[in-house]
Amino acid sequence: MFYVPKDAVYKRVSRRKFLELGGGAAAGLGVGGMTLGLGSTITRSRVQAASSDDAKWKQYAGSKLVFMSENTPPSFAIRDNIKAFTDLTGIEVTILTDDLPVVQQKVGIDLRGGTADYVLNYVQDKPIGSPFADFYADLTPMFGDDTLPQDPEGYGDDAWFTNFLSACGRFYEKGKIVALPYDAAIACTFYRQDLFEANSKDFEAEYGKRLEFNADSTWQDVINMAAFFKKAKEAGKDVPYGYAQHQGSFAWTTQLDIQRFLFANGRWTDWNIDDVYGSKEPGKTNWGDEQSILMMQKFKELGDVCHPDNLANGTLELNTVYQAGNIAMQTQYHEFAASVEDEKTSKAAGGKTAYAPCPKGDPSWIKNGGPAVNGTNCGIGGIGINNNASDDLKRAAYIFAIWSVSKDNQYNVLKGLGGTPTRKSVLELEDVKAAQQRPTTMPNALTFDPVYNYGIKDPHFVLGPKIPNANEYHSILAAEVQKCLSNEQSPEDTCASIQTQLDDLNGA
Amino acid sequence: MATPSQTSTQANHELFRVRQILDQVESKPVSVITEEPASLNAHPSKGYYFWLMAPAIALLAFISLYPFFWMIYMSLHDVEITKTTWNNFANFKNLVTDGRYLNGWLLLFQYSVMCLFLQIAIGVFLAVAINGSRFEKVLVTTMLMPMMMAPIVAGLVWYFLYNGTFGWYHWLLQSVGILGPKSILASSSTAMLGIVIVDVWQWTPLITLITLAGLKRVPQDQLEANMVDGASPLRNFVSVTLPNLYPVLLIAIMLRFMDNFRFIDSALVLTGGGPGNSTKILPIYLFEVSFKFFKLGRGAAIALTLLVVTIILGMLLVKVFDRQQPKKG
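Each protein sequence line maps, in turn, to chains A and B. Heads up: the first sequence at position 237 corresponds to 1059 in the numbering used here, and the numbers run straight through without jumps. Heads up: the second sequence at position 249 corresponds to 578 in the numbering used here, and the numbers run straight through without jumps.
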């Protein structure tokens, strides 16, 4: 069929030779891949305090770093723009991204195994920071090191939004800082203004108040709204369900879901420990007290009027339900505004969605004497450095860390893929201020007022609990709350079971 | 020069001699070599064979035995990065009161039994249905496709099919009235079924394949004799085909049983053990303890109990399998 020359290459290579070559190539690739593949490497030119800024940035030119991160917008945007960093420093950075539970497992094995395959880590405050804080390098000596480049804005608490540095950087002690705020997910309320307006009259006829949502709307109001929409939908009216919880398979977001509900009512927390720094020995839990039992009853009441897939929806799935127009309201992390406002994928886009702080506690529910607040919680993702790495690797990693959280970078991420700034200065930029109103080119900015000006401020913001057994605590809590929501056990039994398991977990 | 008569006498004589030799050979008993023939090479010592096997033994020890003994060691200690501390069997003692661990066992047995029952029933039915069919080869090839998929990918595919917002199967099951408004994974009473369906979908073809191989070996003469005696096809299947299938079915059961006991992939993707621990079978709990909570000692203790129970149940199955084998001699 085809002309084959008599001396074709394949005719000159015997089968044995072919197998030998193939085997050799495979072995070479394997060994080469293992030795050169992902490992971080270091090359150093000495600099002094008096060296130029350029020399300080370039002192590790030729080095190679690996950053293991969650698949969130900042990492994608930084990966797209990594050439700028390589041009500035000569350092190559491989950014690997994955779902948070996978990142947690990979960095956990690396850190606890005493290796530094991932010299840079995404330190999500509770699931990664709390259990592994002791395995990260203390950044404070590097903040004052004049042989390293430094950010002109510095790294003090006032450079970041309130509590952000403590949330992801400080664990169990004040002096040591293990991560710099890289991105943030702050809870706020997303609701369908168009549906609220269209159904306000009917709601008012039933509940005696207009169907609207603002900073004074309580969790009781949310239950009423969810019940109203559910009843209307089941009566055949063309409306979606009212609300849905984050009760899917990812235990941490399930814990956060009930945490803000509990905190809103009397600022209830699981343990009497410092909410900012956490504790390695949290002692006896508050679960099982009168307040927690009442809250569990109310949470169950809310669950009963939610979207029927309540127990299958994790945070991402819940947002999809909202985008699909199947619920009228969700408490969601502000980073999701970009996807909600995307007209190609969302029925809630085009000015239909409004943003407000998280619901407030209901004074009549409070038994512990605390205030009713807009309980707002978060996941502050930091960038930290593996303490198993060599000193030079840590220094090179530090250069990337401070570059990645710089104002310019955060601004670029916000403009590009929809980031969530952690530096205050980003919000002071004129076009970011303008973007907080519609029409906007930075959809996440629509949430900035309820989030940065309200939710993260005292007394609404809850940071913890930071405990070494954070992941097992999340798992226990998620499983028991889900059992309650699926009518397998009463709220009282749920609280008792959580209490027993958590006290057992912490040896209290 | 010999005359023709001389030549003829000589030839007869030769023929006679050959016959004599042949008679001698035939009349003698066949000689059996009872002694080892002398070898040109010197007999290698036992050490020689040991060194030949040493690389393989070392490799096996490195990849299998070392981790096994290390797991036993870990299960008896509190394992930290810098030190391991003997904990007086605390990891094992705590398992007895660990509700999630006991629940994990219960769910694992429930899951395995459901999967095995459905896979064997459907697998055998499909094998009988397509055996000898004109399209047998095409059907077998088509049916094998799910098996070629990585379990984690199968889990993801089904996760999307089950999804309450855009899942096609969810819509289908809801449209025909099998499902209510909740998706199959959103309820603790149906989530396990959702996982079982995925396993049945993916691994029933293996049972079909093994059974099909067994069906080819069912003796035709027995079947024909039974039919001549007036047996119905069903009777024929029960009395002739099924007994002949026992050995292959036991192999299939053993394979699937072992697989189910280390199963984790698709369940992890589909539910992660929820809602409310309703699908947290023991391997998922083991994974959580080891790689989410990083309690390596506790994880090793769980793994060891899982291994021991798997071995015991495996041995029981082998024993049953041995009983079904025709006795020799």
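Errors might be hidden in some of the hints.
[Stated by the list, open to error] Under the rule of at most 30 angstroms between Cα atoms (straight-line distance), these lysine-lysine pairs were calculated in the DSS-like manner:
| # | chain 1 | residue 1 | chain 2 | residue 2 |
| --- | --- | --- | --- | --- |
| 1 | A | K1106 | B | K621 |
| 2 | B | K511 | A | K928 |
| 3 | B | K624 | A | K998 |
| 4 | A | K1102 | A | K1237 |
| 5 | B | K511 | A | K1120 |
| 6 | A | K1106 | A | K1122 |
| 7 | A | K998 | B | K422 |
| 8 | B | K466 | A | K1169 |
| 9 | B | K511 | A | K998 |
| 10 | A | K928 | A | K1031 |
| 11 | A | K1102 | B | K511 |
| 12 | B | K621 | A | K1246 |
| 13 | A | K1106 | B | K511 |
| 14 | A | K1102 | A | K1174 |
| 15 | A | K1031 | A | K1106 |
| 16 | A | K1169 | A | K905 |
| 17 | A | K998 | A | K1246 |
| 18 | B | K511 | A | K996 |
| 19 | A | K996 | B | K412 |
| 20 | A | K1031 | A | K1169 |
| 21 | A | K996 | B | K624 |
[What the hints assert, rightly or not] Pair by pair, the computed Cβ-Cβ distance ranges are:
| # | chain 1 | residue 1 | chain 2 | residue 2 | range |
| --- | --- | --- | --- | --- | --- |
| 22 | B | W399 | A | G1105 | 32 to 40 angstroms |
| 23 | A | K1169 | B | W399 | 49 to 57 angstroms |
| 24 | A | E1028 | B | L473 | 52 to 60 angstroms |
| 25 | A | K1169 | B | V482 | 48 to 56 angstroms |
[Said to hold, decoys possible] Covered stretches of chain B, going by a simulated chain A footprint (3 or more residues, C-beta under 8 angstroms):
| # | segment |
| --- | --- |
| 26 | 491 to 499 |
| 27 | 510 to 516 |
| 28 | 614 to 624 |
| 29 | 636 to 643 |
Hints were generated in silico from the structure; no laboratory data involved. All C-beta atoms in this analysis are idealised placements derived from N, C-alpha and C, irrespective of residue type, glycine included.
Measure nothing beyond the straight line between the CA atoms of K511(B) and K996(A); if it is 30 angstroms or shorter, mark the hint as holding.
47 angstroms, violated
Just to be careful, I want the Cα atoms of K511(B) and K928(A) compared with a cutoff of 30 angstroms; is the pair within it?
34 angstroms, violated
Take the C-alpha atoms of K621(B) and K1246(A), compute the straight-line distance between them, and say whether it is at most 30 angstroms.
34 angstroms, violated
Pair hint K1106(A) and K621(B), alpha-carbon separation not exceeding 30 angstroms:
Status holds; Cα separation ~23 angstroms.
Just to be careful, I want the Cα atoms of K1102(A) and K511(B) compared with a cutoff of 30 angstroms; is the pair within it?
40 angstroms, violated
Are at least 3 residues of the segment 510 to 516 of chain B within less than 8 angstroms of chain A when you compare beta carbons?
holds (count 6)
Pairwise hint evaluation, K1120(A) against K511(B), where the allowed Cα distance is 30 angstroms at most
Holds. K511(B) to K1120(A) sits at ~21 angstroms (cutoff 30 angstroms).
For the pair supplied as a hint, K624(B) and K998(A), confirm whether the alpha-carbon distance does not exceed 30 angstroms.
This hinted pair holds, its Cα atoms lying about 25 angstroms apart.
Range hint 49 to 57 angstroms (beta carbons of K1169(A) and W399(B)) holds or violated
54 angstroms, holds
Coverage assertion for the segment 614 to 624 of chain B with respect to chain A, Cβ distance below 8 angstroms, three residues required
holds (count 6)
For the segment 491 to 499 of chain B, does the count of residues with a C-beta closer than 8 angstroms to a C-beta of chain A reach 3?
holds (count 4)
Measure nothing beyond the straight line between the CA atoms of K1102(A) and K1174(A); if it is 30 angstroms or shorter, mark the hint as holding.
This hinted pair is violated, its Cα atoms lying about 45 angstroms apart.
Taken one by one, the earlier hints fail for this structure at numbers 2, 4, 7, 8, 9, 10, 11, 12, 13, 14, 15, 16, 18, 25 and 29, listed in ascending order.
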